[in-house]
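Construct the entire structure; sequences and hints are all you get.
Here are the chains, one letter per residue:
There are 2 protein chains.
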Amino acid sequence: MAAKLSTQVYKGSRDFYPEDMRLREWMFARISTVLESFGFEKIDSSLIEPIEVYLAKTSEEIVNQQIYSFIDRGDRKVAIRPEMTPTVARMVSGRLRELTKPVRWYSIPNLWRYERPGKGRLREHWQLNADILSARDEFMADLEIIQLAAELMFSFGANKNDFKIYISHRGILNNVLGNILKLPENQWANISRIIDKIEKISKDEFNTLLKNELLDDSQMNSLMNYLHTDLDFIQTQHEKIGESASYLLKLMQMMKEIGLSDVVVYRPSIVRGFDYYTGVVFEVFDTHEENRRSLFGGGRYNNLAGAFTNESVNAAGFGMGDVTFTEFLKLHNLLPDLKRKTQIYIAGFGNEIEIKNIFSLASRLRKQGFIVELSSGDAKIKKQFEEANAKRIPVVLLQGEDELKVNAIQIKLMESGEQSTVPLQDLESALRTILNC
Amino acid sequence: MAAKLSTQVYKGSRDFYPEDMRLREWMFARISTVLESFGFEKIDSSLIEPIEVYLAKTSEEIVNQQIYSFIDRGDRKVAIRPEMTPTVARMVSGRLRELTKPVRWYSIPNLWRYERPGKGRLREHWQLNADILSARDEFMADLEIIQLAAELMFSFGANKNDFKIYISHRGILNNVLGNILKLPENQWANISRIIDKIEKISKDEFNTLLKNELLDDSQMNSLMNYLHTDLDFIQTQHEKIGESASYLLKLMQMMKEIGLSDVVVYRPSIVRGFDYYTGVVFEVFDTHEENRRSLFGGGRYNNLAGAFTNESVNAAGFGMGDVTFTEFLKLHNLLPDLKRKTQIYIAGFGNEIEIKNIFSLASRLRKQGFIVELSSGDAKIKKQFEEANAKRIPVVLLQGEDELKVNAIQIKLMESGEQSTVPLQDLESALRTILNC
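Taken in sequence, the protein lines are chains A and B. Add 168 to the 1-based position in the first sequence for my numbering, that's all there is to it. Add 168 to the 1-based position in the second sequence for my numbering, that's all there is to it.
Derived by calculation from the structure, the hints in this document are not laboratory data. Hints may be right or wrong, so weigh each one.
For identical chains, the list gives no copy identity; a pair is met inside one copy or between any two copies.
[Unchecked claim] Pairs of lysine-lysine residues, derived as DSSO-like cross-links and limited to a Cα-Cα distance of at most 27 Å, are as follows:
#  : residue 1 : residue 2
1  : Lys418    : Lys524
2  : Lys269    : Lys535
3  : Lys368    : Lys328
4  : Lys507    : Lys559
5  : Lys408    : Lys365
6  : Lys365    : Lys548
7  : Lys580    : Lys418
8  : Lys509    : Lys210
9  : Lys418    : Lys408
10 : Lys179    : Lys245
11 : Lys509    : Lys269
12 : Lys328    : Lys507
13 : Lys418    : Lys210
So, in structure tokens, the structure goes:
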């Protein structure tokens, strides 16, 4: 006998058996409902892009260490998408003239990164991407994107104590680095990436990384001070940190006005890993003591389409991964118990006249909108009841010779065991009453 | 200015802009409704599988010339899935003991093959896969799978003249090749693959391919005769072609009994490209004179799980690609005109009090289930009406100072231009009447 292949799924990815898939479909449907209630339209694109699409703006860590790239049979270097934003930039650039602005797009693509699989981190995950592109008023778009992130959380049953949206502004950080720490612009990206790690690494590691960037003690102090400031600092240091300060203050004020002051909180250490952010940045954090981590985030990135077009495209958006989000829902007891959808099982004795009858009956019921599974052959009736039971199908239909003679059918309710016989022509109405549909 | 990257999507794949995506989502939702009405449950899995999963059973043409394979960063040879069936076999094998049989699974994965893009053929396509696994009665499973294929066609509005389901049986062909042509078993797969091409290549090419297999004139004649036989042949040659003949006759009889004799037709040249079929095979053909081609097909493959498990798993299923199917729907005028979903556009003048008002109003309406898009800032009102018009949003709301003072709001119907003012507290009921929802 030949050696058998492993039935394990490829490392870091997942098999979605029906119960897993029901959950995924439930989650994606709810996400779509919320996004569409804001007027966002769903898009998708190719799984594969030329590698150049990612070289411009995706972080070096991803491109050098994590991207799934290869040479195709036509000798083109290509990659499986590690993120969706460059594709969105490509698509919007390709139709910039025709599209009615602002463009509100969302997508839920699967993304691939070669990571060491761990809690909340897999190689394949699905990610909601929501973007407002080419808005007339960036402020209103920023407001809407953050409101959307909050509504998304609420729509899954999270309450205002379950999460916080920490918010900052790249412009403020850049001004602090340039005008207070007096660092040259070519160091800002590196320092920003280090700050982005502050919640994930120890204080010592953090300090070492900063020292490697040759920050002196005074600069270190200034930076640590800044990272622990609140909105007062921004108000008082206004002239050193420029117009991004007043922008953020106005945004925080408006968050209060539209009822989000309980969840939206200023936090200067919010940076976001990607280099392409240019303005407001935010991260949604779980507040549960076992899971104080970032669930997802986003912000404003106004230059991303620049790789594809000379026209300017302003943009704000966020990306939310399914793995991290599912863990959040699980921890907060917000996952539903989703049952198999089948309502009716038609049992049978396996002779040919009956095969004809049960196939025809199934067709008739399906046309009326019922979800009907057929017995798959001549097992003992007891075994068929066991099958219906194992599949948690609530109703079993059975037409023995006695019923057949008088054009009737037996209905058995699996939970109570209750049985009744109804005339065939009354079957649909009897089923609607039983199934409450 | 740096050279810009192309906005073209990777060759042979597609961008799905909102209008394309609406169509795709509509199609997939309808497919899901039909599949679920038969009790099929949706599954999915990893996009990437170890290459071994495909080496066993996928056709050599695909593995050698069309598969997207590469070495991952962990030095494993992997492939982007070119078909879903091996993954289904892997998944069912992995949980064979726990699963309640029969297993009815469907999936709509994206699949990748390095093909020369052309009509109905792309490198990335989505494919419905439907399978009944481990049925107690293979005959009933075959019947159900073919009934499902027919119901799927009907559910999209196709009528019985728009398509035919051509059906045959691998066992009959194997018996003809072995017992009538007296060919050794190791030639059967090659000859079958040639027969599978009969509709796609010229008669001369077809004959040349057969001659390359060293068929003599008498064998050629016998084969051509067989390929033009009807059910009578099977009835009369019964002993030479064995039990698969009576199986097919019984299946055709039952198709008649369940009302499918208009669409299900015996055709001996139906083979299917993959080597793994073991019994009934079928293809759904478009009957339109501009598109007489196979739309999709399937059949019985009882050995596929053999690569993963020693337990036997019988299986019947089919795969239907979205590209070919969309062309069918287009040609038969079965594609709907799907509009953008947004119902309400809230216009604004852009001052801060108003921003607060329109964000709050939008929230209130969304909570009531309305789909609401906000103006994105301080453009002239005329421009905002133009935006709503371009987006085909039927209703615009506007609250000027006059309305604000008396807690009222203006409703403008974009199609008729009709305007009215209603008290804010009556807004939802007015909108429900207007939008008929």
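Verification of the hints:
no. : hint            : in the structure
1   : Lys418 - Lys524 : between (71 Å within a copy, 12 Å between copies)
2   : Lys269 - Lys535 : between (42 Å within a copy, 25 Å between copies)
3   : Lys368 - Lys328 : within (24 Å within a copy, 62 Å between copies)
4   : Lys507 - Lys559 : within (9 Å within a copy, 38 Å between copies)
5   : Lys408 - Lys365 : within (25 Å within a copy, 74 Å between copies)
6   : Lys365 - Lys548 : neither (63 Å within a copy, 44 Å between copies)
7   : Lys580 - Lys418 : neither (64 Å within a copy, 31 Å between copies)
8   : Lys509 - Lys210 : both (26 Å within a copy, 11 Å between copies)
9   : Lys418 - Lys408 : within (17 Å within a copy, 86 Å between copies)
10  : Lys179 - Lys245 : both (24 Å within a copy, 13 Å between copies)
11  : Lys509 - Lys269 : between (41 Å within a copy, 16 Å between copies)
12  : Lys328 - Lys507 : neither (29 Å within a copy, 35 Å between copies)
13  : Lys418 - Lys210 : neither (31 Å within a copy, 47 Å between copies)
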